[in-house]
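As they're listed, the protein sequences go chains A and B. Numbering-wise, the first sequence is residues 1 to 490 according to the working numbering. Numbering-wise, the second sequence is residues 1 to 490 according to the working numbering.
For the record, the hints were derived by calculation from the structure and aren't laboratory data. Watch out, some of these pointers could steer you wrong.
No copy labels: a pair is met if it fits in one copy or bridges any two.
As the list claims (entries may be wrong) - Here are the computed lysine-lysine pairs in the DSS-like style, where the Cα-Cα straight-line distance is at most 27 Å:
hint: 1; residue 1: Lys-176; residue 2: Lys-210
hint: 2; residue 1: Lys-341; residue 2: Lys-176
hint: 3; residue 1: Lys-210; residue 2: Lys-341
hint: 4; residue 1: Lys-452; residue 2: Lys-210
hint: 5; residue 1: Lys-452; residue 2: Lys-341
The chain contents come next:
Protein chains: 2
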Amino acid sequence: MAGSRDRDAAVGGDMDPEEFRREGHRVVDWLADYFAHPERFPVLAQVQPGDLVRALPSRAPEGPESFDAIFDDFTRLVVPGITHWNHPGFFAYFAISGSGPGVLAEMLAAGLNVQAMLWRTSPAATELEEVALGWLRDLMHLPPAFEGVIYDTASVAVLHALAAAREAVIADVRTKGLLGRSDVPRVRVYLSAHTHSSADKSVILLGLGKDALAHIPGDANHAMRVDLLREAIAADRRAGILPLAIIATIGTTSSTAIDPVHEIADLCEAEGIWLHVDAAYAGVMAMLPAWRHAFRGAERADTLVVNPHKWLFTPFDCSVLYCRRMDMLRQAFSLVAEYLKTTEAAPVRNLMDTGIQLGRRFRALKLWMVLRYFGASGIRQRLEAHVELARMFAGWVDSTQGWERLAPVPFSVVCFRHHPAGMDDEAVLESHNAAIMDAVNASGEAFLSHTKLDGRYVLRLAIGNIRTEERHVRRVWALLTEAAAALPSM
Amino acid sequence: MAGSRDRDAAVGGDMDPEEFRREGHRVVDWLADYFAHPERFPVLAQVQPGDLVRALPSRAPEGPESFDAIFDDFTRLVVPGITHWNHPGFFAYFAISGSGPGVLAEMLAAGLNVQAMLWRTSPAATELEEVALGWLRDLMHLPPAFEGVIYDTASVAVLHALAAAREAVIADVRTKGLLGRSDVPRVRVYLSAHTHSSADKSVILLGLGKDALAHIPGDANHAMRVDLLREAIAADRRAGILPLAIIATIGTTSSTAIDPVHEIADLCEAEGIWLHVDAAYAGVMAMLPAWRHAFRGAERADTLVVNPHKWLFTPFDCSVLYCRRMDMLRQAFSLVAEYLKTTEAAPVRNLMDTGIQLGRRFRALKLWMVLRYFGASGIRQRLEAHVELARMFAGWVDSTQGWERLAPVPFSVVCFRHHPAGMDDEAVLESHNAAIMDAVNASGEAFLSHTKLDGRYVLRLAIGNIRTEERHVRRVWALLTEAAAALPSM
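This is chain A alone, in the form it adopts within the complex (with noise of 0.2 Å):
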């Protein structure tokens, strides 16, 4: 099909459509060999800071370079620095999926490269993502009253959601701003200790300082105690300053603790103050019917995220927000300049009026494309899975002399750690099960990552790549004790 017009445009144009296809089926070909075989690579990258710096030429080359030298040093080069979240022994942070489906949708999205910041720009791309935010929203029942946005990460999510908060609670906020504002109190936004630390960021960005931030202590589950932030509330009341915001967490990154969201609701009600359920990575959870009960409340929430490439199988960048007041996000954001005018024969959104970003990649073909592929009921039974390896995994830590958990599981991530008996000094177990830590991920077979819980050093193994399975979590259960084993107990 490529004929001498297009041979010719290439001359100072783009790749030649022939090298395209042809380097593309390579690129296809490398992946589906890495995909069946993902155990190849170390998961954690053995590399030491500055390698590939050093690797690497100083400048960038005067003349082209083919593809293939191009390829070759990514794969000799670039491939061995990579920290291999696909392997199914990647049990750090929170495990992720960039399923076959959306990676395939990323290629297309890559290829048509539309910039979604109008309807006209890509009606397709606004409208998709419409449509996936509907079936993503009905699959978690929340209801209808909720539109939906994506961004890229739950840090941008939950910076709009305080956004909207803030110009709901503050007058004038978008001309006067905050300096000099004696018509305005003192703020408060009001959050658990657990809360993941994007929303500090968030505040601090918004101009609100830290000392606006108030976290409120956990229960014995690490879940914020209701009790504590009716007694802060009323407490800042006194003292005049204002509730801005509460943010309740479902799965709170450390431990996956619940937040009483329910009760949290009925005081925002009360209280008449915006409420921000971070779900980032358990919200997909809601589509289970058992575990409809974690998520009691949050249907009333004014805003919500969810990051369908945190659990759903979805590539890396793609983080769902939900609010019910999309006017206030409108009114905070919407500025329209003269190049950015358009007239349509109806009514239509432009994704630009609900974001900081104008620019937005075509991110809604990899949700539709990941929900359609498995199905609602595949995606629930893939959650399911995860669930049962987690509670498998607790199983044997609750079993073994010398190991504890910490914190219940109600999701797929484990908090626990190695309690040799008569170690029980806090600095010792630290270095301890770190030195555990260390050793397991420098197998290259399993990676972990660790948190503090009540003042303890936790570690914690998260389930959520789509390729772990059973003999996975064996494996890495193995190594653990092998390394405990290894190390003095004293």
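Model the placement of chain B on the given structure of chain A, informed by the hints.
For chain B alone, kept in the frame of chain A given last:
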């Protein structure tokens, strides 16, 4: 290579690797055909609002669907709703290019699915960003003092630039915020009447309020008037208002005007004001010796943004912020929760410390592959060709009766309109030219957008797509003159 173990793993797991290989080849073939015939589809989608929403089911499928069925819906329902940013007749906004090597890199990045928040979560992603941004910095003749970071969009880049300026100017803003600060005066951000609207949005988000914006008028060429800037700063200082930052643009959105950065940099130095340079579109032209003069003073900026996804043939999204005071950015944004703490063999850079977004895609890969595939000389050659095409078109406008040019053409954008003899009412000229634009856009062969300059409605022709050749520019001129001739001239 895919043995029975892999097939077993696929039950309840990901798409089978052999299916990924087969469907991946199909996707690549579709893209190769699409790139070979980029004019097969109308550039501006010829659909009505709601078409796609109505064509798709309102609920997600319960069971899994074949990739075949999904891909069929993609080509049948989604593609007609795509506005084709790859079409060589795309002349709206800023024309961009997702070039072949960039798309291949995005395929690899989607497959690897790394999340580069920490060095350890993918050392190669962090280090390749350092390498590629060093290359680009040197190609643009910026000093080594500039450390770079990749964000998604220039909107987010300017947000970070202004957040860093706020951190530098307002004591304890991170802790105390802006409310109730009797110790902090009002502040001002100076920008031109033609600065991109994302700067206004950032100032709002940062809690400074639109009142903190001083839009300095432009001269006859729409470049910021430094005399008026100087006066505005002096008047503010007399009124006790503290300058927070000045934003100078090289290549404004409407007309690609060039603010006198050298003079503004002098002023910033004398006054101790943060200088942010917006070179999102035109920054790449600093690679060409003949355009170096336009960038005089940019080397003295505190922050500078350039978007490889605009005019550097890199698929969207990829925006680079160079900062010579990265300590301020880190001071503003670094916040390390326990679960993100790491220890490495040597000091490393963790990308999460330089931004609001914790999660980061592996965006450096595409920039690195694009720079190598075309080479510095190949990029310069393509940029020069685009400027030549814009000059050619400007020449036709200048030499044709009834047409007028409304701004200089320093780069690759032409601002012009049809102005028949006797038609002098601005409202009439606006609807006349809007009708011309709508007719051209309805042809499906070209897509233009508009702006306003000095109250006049202006058509914009933006060259930037890697596939645009002389014949496409000739064709849009023919379409424009035909559309003008078909309209009543009074």
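Structure-based check of each hint:
no.	hint	verdict
1	Lys-176 to Lys-210	both (21 Å within a copy, 6 Å between copies)
2	Lys-341 to Lys-176	within (25 Å within a copy, 38 Å between copies)
3	Lys-210 to Lys-341	between (38 Å within a copy, 20 Å between copies)
4	Lys-452 to Lys-210	within (21 Å within a copy, 42 Å between copies)
5	Lys-452 to Lys-341	between (50 Å within a copy, 11 Å between copies)
The structure agrees with every numbered hint stated previously.
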